[in-house]
Amino acid sequence: MFKQILTILILICVMTSHVFAKGNVRGFVIDATSGEPLPVANVVVLGEQRGSTTNLDGFFAIPNLETGSYALSVSYLGYHRAELTVTISEGASDPVTIELLPVSVILEEVVFTVKEKDNDKARQSARVSTIPIDANTIRNMPSLGAEVDVLRAMQAIPGVKASSDISSALYVRGGSSDMTLIQMDQSTVYNPSHLFGIFSTFNGDAVKHIELMKGAFPAEYGGRAGSVLEVVTNDGNRKKMEGLFSIGLVSARGAIEGPLPNKRGSYALSGRRTYLEPIISMMKNASEEMADLPDYYFYDGNGKVNIDIGNKTTLTVGGYLGQDDLQSEFGPDDSKFQLGTNWGNRTFASRLRHIISDNGFLTLGIAYSRYNSGFDMENDGVFIQEFKNRFRDRAFRGDYEYLGYTNQKIKTGIDLHIYDVEVLNRFQEDTFVNIDTTNFTLSYYIQNEWKINSQFELLPGIRMNYHEDSDKVYVDPRLALLYHYDTKTRLKLAGGRYHQWVNIISFGEGGSFMDIWMPFDGSMDPMYSDQIVFGFENDPREDLEFTVEAYYNKYHNVLNYNNMVDRGFDMASVFLSGEGNAYGFEWMLHQKAGRLTGWTGYSLSWSKRRFTDTFINDGDWYYPKWDRRHDFVSVGTYKLTKNWDMSTSWRYNTGQGYTRALGLYTYHFAHVPLEYEPDGNRTILNGEKNNYRLPADHRLDMTFTYNHKFFGKKAKLDISIYNVYSRRSIWFRTYDTDENPIEVNDVKLLPVLPLISYEVRF
Amino acid sequence: MFSKHKNYVVLLFLFISIALIGCDSTPTEVDDYDPEPVLHAFITVDQPFGEIWLEKIHKNIENYYDPRNGGITGAEIVIFPKIDYTSDPPETFDTLGTGLAVYYEYDRNYAGRYIPMGANTVKRNTLYRIEVKKPGDVDIWAETTTPDTFILTVVNETDDDRYEMLNTIMDVVPDDPQALPDSFPTFSRNDESIKTTWTPAWGNVNYGGESQGGYLFTILALTDTSELVPLDPDWDPDDPEDAIEPGDKGRSTIGWAPDYINYYDIFWLLFEWSGPQRIDVIAGSFEYSRYVFTTYQTNPTTGDISRPESYVHGGLGCFGATAIHSFYLNMEVVE
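Chains as they are written, first to last, in my numbering: chain A, 1 to 762; chain B, 763 to 1097.
With the rest of the complex left out, here is chain B:
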């Protein structure tokens, strides 16, 4: 049977294949995605409540993006501590009352930014909840637990006075710029790296989660942008690619350690600029640590992680808590 018509059968398969390939068109990139709200709200222990940003996803990536165009205005925002976080049913703003709450007002100069009303400071070891309501939109809420403060130490293995000075500065002026000494110890890229260690920010407290958070490290140059001098000897001030922009001043995150680690070496190569620097060691709540970690893990090319881990219900983003310990030093260029 087949032998009689073998040529026709082969040709038939060939034509069917060509026809199928002809239908192989690239899909039109049309989707019915409904942009989601994105909330970013952070609180730092012993500090006043900070700003909050609320925007909607900018859908048309081919168009110019201005976050203010997507800023959500007119929302009612409140942050309050939960007294009994294990209660059933869970405590809400309505059941707790307003005594400890911090309300936010809309910043009319910047669409999507909200500023706290009042000067309450953030408590340590406390579960906080944020609630965002806007008529016609889905309610947004999230919770996070603040860490405790912690003690940071620079390990001085070389018996060098400069490393000891770093500890002195930390003890005297943990956060108050007014109390800073006139000069900081000076280092260069040729020096031994800074070895840091710290006491746990969570102690033995366990809020029910398996992990309580992590530690992040940042370096911020304190020189004005117009006066920045890079440490890189290859830097060419006349090269447009080497032009300095405002965003170049800070290295957002140089390192990361989970909650059970209490040491980290800061390499001098991570410093970009000469002049005074502030190094922050930040204990982040679980929600904050996961958000930062997974934001860096998100790779638009592979699409493995479509979005960072967000514990914001009704939207994206992060409601996170931190405790910060800083120290200061001066960097000089090596010829």
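This is chain A alone, in the form it adopts within the complex:
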């Protein structure tokens, strides 16, 4: 199998490398102030109806141009459009570097003109359901704890849901949280959350570009059955050293970046740490009732170094380190229990990018991602219980883009993941769960962005996956079609099959430290989905986009933890396999530039699961917890004055499902004499799972930002108000059966919360 894939790959490289070209223009689009490459920028040859978009490394190529002079128009979200003239000569050309100036930089003497307003065709690819968001938008959005939070920003997009206000897990279009592939610089990140899901692991200062593919994504992505979140971190300023320092109520963070000493590259470092310990200590000392509060902190850091090796090759080495630590003690004074809990991610990635021949772009990467979680409990030094999940993903990836065809962009590559997992649950001498397995998945893909004519574009692709344990090849065909109705209106249709190789065993909401990541081990059939999306897009104005999409996802072999087993030694023994579907429709109006930016959107959706012949809802269909019928969201940032910005976020969604009690009865046990429990034990008999709804949620968050100078340095003061009108959403509903009649209690989430942070850039 591996040899066949390799042969095909080599064949394609050889074929595509020998296509004759008249002349071409190729190069990089970068930020004029920092020198950082800009991914997904649009490069258009004016008057020729030819163009391209930059890849994640900021590279583009437009081949087969007649010799002569051409005017290029280059645009990118959040940047001023640039125009320049290039001269094409026969044969290969040296890469050009095009610099774009951020909109936030005011240079009155520089005037950018836009001669054609309808030249965005090249930007519009056949991809559906793709939401690109630049880092500035996220930094301006209101967030919990005044912390810039990538995942919470994603939750404000129609079709993306959170299971609760304090969860950073993403539930995209009816998929569970593990169905979203989260990549940071093409390295997979597992369980990207801190503080039980309240904060995400992505430090907003380290992020440059984010792209969310809500479904029907192309063949270059794989391994998950739902969606993809691609996070690109800062490469670092290539022109000057700069940094920032910020303090808030919960944490402090800092970042520094700059050029390498020989100007042949750049570096970027950032980090943050909470300082809850003094606050917790004060609370412990202030009240005896709070004496058992646990000690908690988290920290994380990102680092990246780019080294230019000639003008065609760049080597990037980067990594992420994050850790949460929670220590608590409870129980009577003479016999204390000590509970130590920790969880964290470490990733390391190295990528080599090289321009091959005239129009080829090669990327080779290795990545290592480690996720550890667990706890151990002792009683006065005597071991009681240990639980741990050690998950390793060692990956190798090679991608080759060929940009030499006039109307086609071919991309192919291989993706190897070696999973190594250990799950252990030991109580005293007794081992309940002990899974220790290693296996690999090797995938090969090829796709072609083919512009058939001025109206139609096609993006066919195929991804073939070989899984070691099952010794089978799983084929994922993908297809996307774009039809340009007119210069501003597009229709899109896309679909495909998507296999998933890793799963979460979740004991609560996704994003918890108790989540266990498990690779597919061949003991049962792998999860996969079949997806189809129909989209309509229109640009009423150049900076305004209106999209409508309808989708249907069918999920096969979805997994649920089997609560009825107390021991497990492979996937088949701890999971139940079922089916599911999700369907709905969404619209979104996105204002991309101007004094007011943001979006308004709505989602009407259904998500269902069924585990036939199991105890889960007696084998019938039910709505999972993240199912929401209606979801309306409006996010906006408005520049009030030269110094003051205001951001708001308002969201309405249907309440989450809950299981209502059918009735009450007394259970008896043979081993408990009646005189010890004269009233027996009152208990609830549940009805259909999640068949009722908690009240609808809606919440308004606001942030006011004051931009100013602090001793000559750029600074900003953020004043945030979380949950402005203090409507506390219900987290979950409980029954207190000790009371008679029983009490129904709603556990509510946070009320209005004013927060503040201060940031200085130097």
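Just so you know, the hints here were simulated from the structure itself, not pulled from any lab data.
Fair warning: this is a prediction, and the values are worked out from it, not measured in the lab.
Check before you lean on any hint, since a few could be wrong.
Unchecked claim - When the alpha-carbon atoms are kept at most 27 Å apart in a straight line, the in silico DSSO-like pairs for lysine-lysine are as follows:
#	chain 1	residue 1	chain 2	residue 2
1	B	Lys-957	A	Lys-336
2	A	Lys-336	A	Lys-263
3	A	Lys-388	B	Lys-896
4	A	Lys-608	A	Lys-239
5	A	Lys-716	A	Lys-639
6	B	Lys-821	B	Lys-896
Got chain A; can you put chain B on it based on the hints?
Just chain B, lined up with the frame of chain A:
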């Protein structure tokens, strides 16, 4: 086409969305649930047949609950051993005759409770069946297999006389309170935990099921409720939250082990009260073990498990069998 009317189209989508959200009402919690009968019947090897409870689900959870209000009265209940549990067609009460059967009568002082007539004892390694009939209601039946008795031992790793005394008490007085010695060995939370081991309650017998059952552990304080003294040094007798109630005397289930495990450590922290205690190690039949395990797994909040595993046909609850081995000790407060 679209460009001409773009503003109207966007507004149309907005209004449609608002209209749909307007229809987003919380469902009225009305259901046509027909309350099911719940049976609890347990038999213990070498012991007389015990009581049986039969009630209907209390539907309106907002109202005060008294199990007697839902108690089912006037049912005909019989338990009998099945001689050949592999026969086809299966044996029933009608085909077996009445020679080995135990009949139950309705307790007129407690609606829903039934008391056995006669003093038969429960046999080891035997398949029993219960049948409940009431005119106008669905017949209820269930089956369970009794385990064998087993030998429990406290492992004495420290050569401490007190641990050896526990074994002596178990050998002399497995179940007879009259034979108990005047005093039990005394322990505190500072002592080494009790390590127990036992011989299998099922031996090599296999009744056709994959799993034969499990073991449960309980601690019962033998002091009168009015004289209970907690081991917890933080206990405050003047604090209403620390008030002792009758149900506080027993810790219903402190541990669980499947049928292939034969050891368990009992931590002193699991003991709540000072004074004499009885520790029961219970071998439960498959039906009983699953019922206990899944009852504790049932979480009303998540609703993952809507109801415990019940092998009662025509209703809910459990018909289970146990074999019990006990030992006694005394707990003292550490200052």
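Hint check:
{"no.": "1", "hint": "B:Lys-957 with A:Lys-336", "result": "20 Å, holds"}
{"no.": "2", "hint": "A:Lys-336 with A:Lys-263", "result": "58 Å, violated"}
{"no.": "3", "hint": "A:Lys-388 with B:Lys-896", "result": "53 Å, violated"}
{"no.": "4", "hint": "A:Lys-608 with A:Lys-239", "result": "52 Å, violated"}
{"no.": "5", "hint": "A:Lys-716 with A:Lys-639", "result": "14 Å, holds"}
{"no.": "6", "hint": "B:Lys-821 with B:Lys-896", "result": "21 Å, holds"}
Figure legend: structure checked against the earlier numbered hints; hints not met, in rising order: 2, 3, 4.
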